[in-house]
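*Asks:* Turn these sequences into a full structure, and let the hints steer you where they fit.
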Amino acid sequence: MFNTLIPQVSFVVLLSFFGVGAIGALLFRKNDVISNGWSSFFAIIGSLWGLFFSIVTIIAGHNLSFVVGKSSFPRLALSFHIDTLAGFFIFVISLISLFCSIYGIGYIKHFYKKYDIGVFCFFYHLFIAGMLLVVSASNGIFFLIAWEIMSVASYFLVVYDRNEEENVKAGFLYLIMTHVGTAFIILALLLAYKFTGSFDFETIKLGAGLIPLSVKNIIFVFAMIGFGTKAGIIPFHIWLPSAHPAAPSHVSALMSGVMIKTGIYMMIRIFLDILQPIPVWWGLALLIVGSISSLLGVLYALTEHDIKRLLAYHSIENIGIILLGVGSALTFLSLGMPQFALLGLVAALFHTLNHAIFKSLLFLSAGSVINQMHTRNMEEYGGLIRYMPQTAMFFLIGSMAISALPPFNGFFSEWLTFQSLFQGVALSGFYGTWFFIVAAGSLAFTGGLALACFVKAFGVSFLARPRSAEVAHAKESSFSLRLGMWALATLSLLFGIFSGRITLILQEIGRGLTIFKNVPSFIVVSSRQSIAVGNDFSFVSAPIFFSFLIVTFLLVMFVMHFLINRNQKVKVGATWDCGTDLTPRMEITATGFSRSIILIFKGVLRPSIQHETEYHDSESRYLSRSRTVVLGVQDVYQAHFYQPLRKAIRTLSLRVKDIQSGNINLYISYIFIALIIALFSVL
Amino acid sequence: MTIFVWILQLVLVPVTSPLCIGIIKKIKAKLQNRQGASIFQPYRDIWKLLHKDEVVSSDASWVFRYAPFIVFVVTIVVGASIPLFASFVNNTGVGDILVIVYALSIGTFFLALAGLDVGGGFGGFGSSREMTVSALAEGGFLFSLLTVALIAGTTNVFSISSSSMLVHGQSLLSITLAFVGFVIVLLAEAGRFPFDNPATHLELTMIHEAMILEYSGKRLALIEWASFNKLFIFFALGSNLFFSFGIAQGIGINAIAMGISALFIKVFIFCLIIAILESSTAKFRFFRLPDLLMTSFILNVVAISLIR
Amino acid sequence: MLLEIVFLTIVFSHITRKNFGAVLAYSMQSLAIAMVIFNSFLLTGATSLLFIASLVLLVKVIMVPFFLARLIQRHEIKFSVSTYLNVPLTLISIAGLVAVAHSRKFAPLTSIVPANQLLLSLALSAMLLSFFLIINRKGAISQIIGILSLENSIVAFAIFAGLEQSFSLQVGIVSDVFIWFIIATALAFMIYKHFGSLEVTSMKQLKD
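Heads up: the sequence lines are chains A, B and C, in that order. For the numbering used here, count along the first sequence from 1 and bump the result up by 861. For the numbering used here, count along the second sequence from 1 and bump the result up by 34. For the numbering used here, count along the third sequence from 1 and bump the result up by 2.
Just so you know, these hints were derived from the structure itself, not from any lab. Remember, it's a predicted structure, so these values are computed and weren't measured experimentally. Wrong hints could be hidden among the right ones.
Calculated lysine-lysine pairs in the DSSO-like style (CA-CA distance at most 30 Å, straight line) [claimed, not checked]: (1) B:Lys317 to A:Lys1463; (2) B:Lys82 to A:Lys1432; (3) A:Lys1030 to A:Lys975; (4) A:Lys1077 to A:Lys1055.
*Replies:* What follows is the structure, encoded as structure tokens:
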């Protein structure tokens, strides 16, 4: 009994850490330093506790269901259900919040004296607590409350820097979109309630057979729209590129690395756990959605020269990749091949973890740069590697991880995703093979385009000569910032090298779901840490690759330096300048770098170019005084989807306004007619 | 014996690749009615460059200084991970098609960064073009390898080369289509016609050369050698994955000797093809290249669908 | 019989052109209601009913009409202004509403106490007619009267449906009347001051 009580108690303790942190921060808000210290202390302790709790849950294979207290509302029950899947997501949340909080200690100092630190820390703690509640709630209404807490807390964090007009607008858009998504989620839950009679997830799962197929399909569509809005799939992504840059950097890292994953968590929970069995087309639909999101995400990222917007679009791309894994899992499950489905799920979960790590790393280092440069525009960076060498190194590691270069962790999760897609392509006699081919093709192109985008991002920001005078004032980030980033970079490498061990653990986590309970193992990890899939269809070994690379590198360096090149001198000179002066204008810009790709994909991106010339003499138009070229990319979603929707709603509202004529008699006649109708229908 | 095989596997690519380039140049010269340089000239060039002094730009950072080493090491690692003359070397765990594709991308990544690092205009647009071509070629590359992987039932390149392809008579069409797609990607990634002219002197037409414009001395030697290696790697992949005749299936002096000679013959045929291609066609305009790469991708998709 | 008086007074309020007449009709109606409650007291013997009856007598029969009359006099609104529907149409609507109330559709409602079915139907039609009065008339005084007679008909309905014992009903009636009429007079006063007339349509200017 003691044994079973401890996990419940420790989870409540976990939540209370964040609660104490929140309230304490609010109490101390008069004093910036104390509230920062208090909140950081509790955030770090809470994250460590969360890490510990989730690791214990995963290793011991706990499956906890408990209710805390009694609520006064009939259908609301404060019930939690923490199985290994929820434990995994708690692990991800705690890991990222740990490093973001460490980073935040130094980062928040920039907001001293400008804004209220206590309020910020209050919402920060509320946000993390909200996310923890979301992944552990087991009652529909309780889940919605937690979802709302998470969304509203993150809204306040997004608009924290409220002196910038665009931050407020971004926050407003975010609030609207998240509530639209929540509306769809509520509809889906209500439909489930209608047919199973309960809001409790366990009860719905047991009664899933009672829901007719057509209703299940509607629930699928609503849930996909609702959770997809939070996760950021195209075309419901429009809030992401404005909201993530607006928030302070470590909040952006949390939002991008963890919050959008809660959408994925609920999709996995509902589609793989609660609503089983499901039709095949759900998985195929998710494959298509994932392909589109990943390709379009990376293409839009290429068009950006605001560094945080670029990273935000890459989050959309990676969510697409995760959805490819989830989609293949759903498809295989409906086809009755659970071991392939387990592979897909493991790939998706691994990519969730990896993306959380390297995206946070990228956001944190971008945040350090922005702090020093006071602008998010990449075109004004350049040569920062000289002034912020460690930050540059961390950004480089993040770029290599997100472009799926071995031996970092991104490669291995994409490898697993590819494997599950390859299994789908290898299926015979199934029309869905085409969907898998499309998915694999989009994943292949996404990898290449992401690589191009990060060459641009890293190269333009950190390499070559400074493009603006501000660069010379940049200083290396402070200690806590570097500590947070360093830890994430190391994790990136370690999770890559030990991906075999991690894949095994993830497979056990996947087995925690009811449908995968007794599925044979499709992934085998040998003693030499090599991951083998399906009777040696493929295998890869991370440590061997890594050691091979390092050994060869050292060998070549040794040979070059000591055997061949002993007496040669290395002189430092200027870059070849064709005889002109070397100015920043000679370097390539971020816009120019990606212009080729944008023109190649102009059907999708619709680039535009406008020329404006000002002449000395407008009559003869010979000598031009100045020439402006504006390169743009049309926002197709705004133009074709959201604007017409907005116009339609506005027209409808204007029409409806006519009911309000101002005449009292008319209003009372409304009441009268309503009364008659009510009486008629009741009697 | 196994030690000997391992060492051979490791050094075959770097040792033989300059010879390959020399042969291509010689054939091209003969087709142009010239004598041409000796086929061992690339070796002399590399030796010369290794012993020269270097000038490094003042704007360059450690990325510029270390990129040649990283690029070269990547080509050696990948060269040792593909079947050259023997298909029984298959338990290294790095012979997976995805590992090969993405490991080569590491090289591309650092080369592009090096091009950006010096802050000259040519390096910048060279990197831009290189990344564009490489991003679009990756789809075709992966899918051509995937086609043969699906036919052979494994993604380990050694196992693919050990399963005799043409036994699967019904997949002949798929293999041919995938091979054509692969050749297009080979031309793209190795920087040959019609994607890039390796002998050009006009900076505005360069892709690969533009990125390495600032290099000199031993770093230039390493980069040139790495590009030779990359070409040879692609040749070896094309020969041994699609037409794996003569590859050594078991350990034994005769088998290995036959494997090596089979490899040389196949590589020579490739050199011939490349030389003839470069002498008879012109380089394409840059914005026609994506069409070619998408053709490669589509061919491979068609090949996969025809596998049944 | 008392209920018929109630009914007829409402119909009269619909037709009359003078405000004063409507006020008088209302006071008659309230008197009838008081008598009904008194009757009920005599039947059941609950003292609360006696209390209520006297209260209704005091407030509704005497005070309210008095105040309304004072209002009319002060602002000199002798004549009720026009209605939306002219008289023939008004009568037709009245007939229609009464028919609806007596129809079979409403039988479940009016059969709560089967013995009193006709009476309940009558009370229901009185309710509907009061509502219609509010809608049809443009003058504020008529609308006030309409609401007050709606309340009276609800009381009548409740009594004949056997609900008169419920304390909440009685308290509700009394307090409701008191407060309502205070607010109504104040509002009418203010509207008059602002718009120069008690015509409700002038409030349209408040519309956005």
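*Asks:* Does the structure keep Lys1030 of chain A and Lys975 of chain A at a Cα separation of 30 Å or less?
*Replies:* holds (20 Å)
*Asks:* When you check the alpha-carbon spacing of Lys1077 of chain A and Lys1055 of chain A, does it fall within 30 Å?
*Replies:* holds (12 Å)
*Asks:* If you draw a straight line from the CA of Lys82 of chain B to the CA of Lys1432 of chain A, is it 30 Å or shorter?
*Replies:* Status holds; Cα separation ~18 Å.
*Asks:* Starting from Lys317 of chain B, check that the Cα of Lys1463 of chain A is at most 30 Å away, please.
*Replies:* Between Lys317 of chain B and Lys1463 of chain A the Cα gap is close to 23 Å, so the pair holds against 30 Å.
Going through the hint list in order, the structure satisfies each hint without exception.
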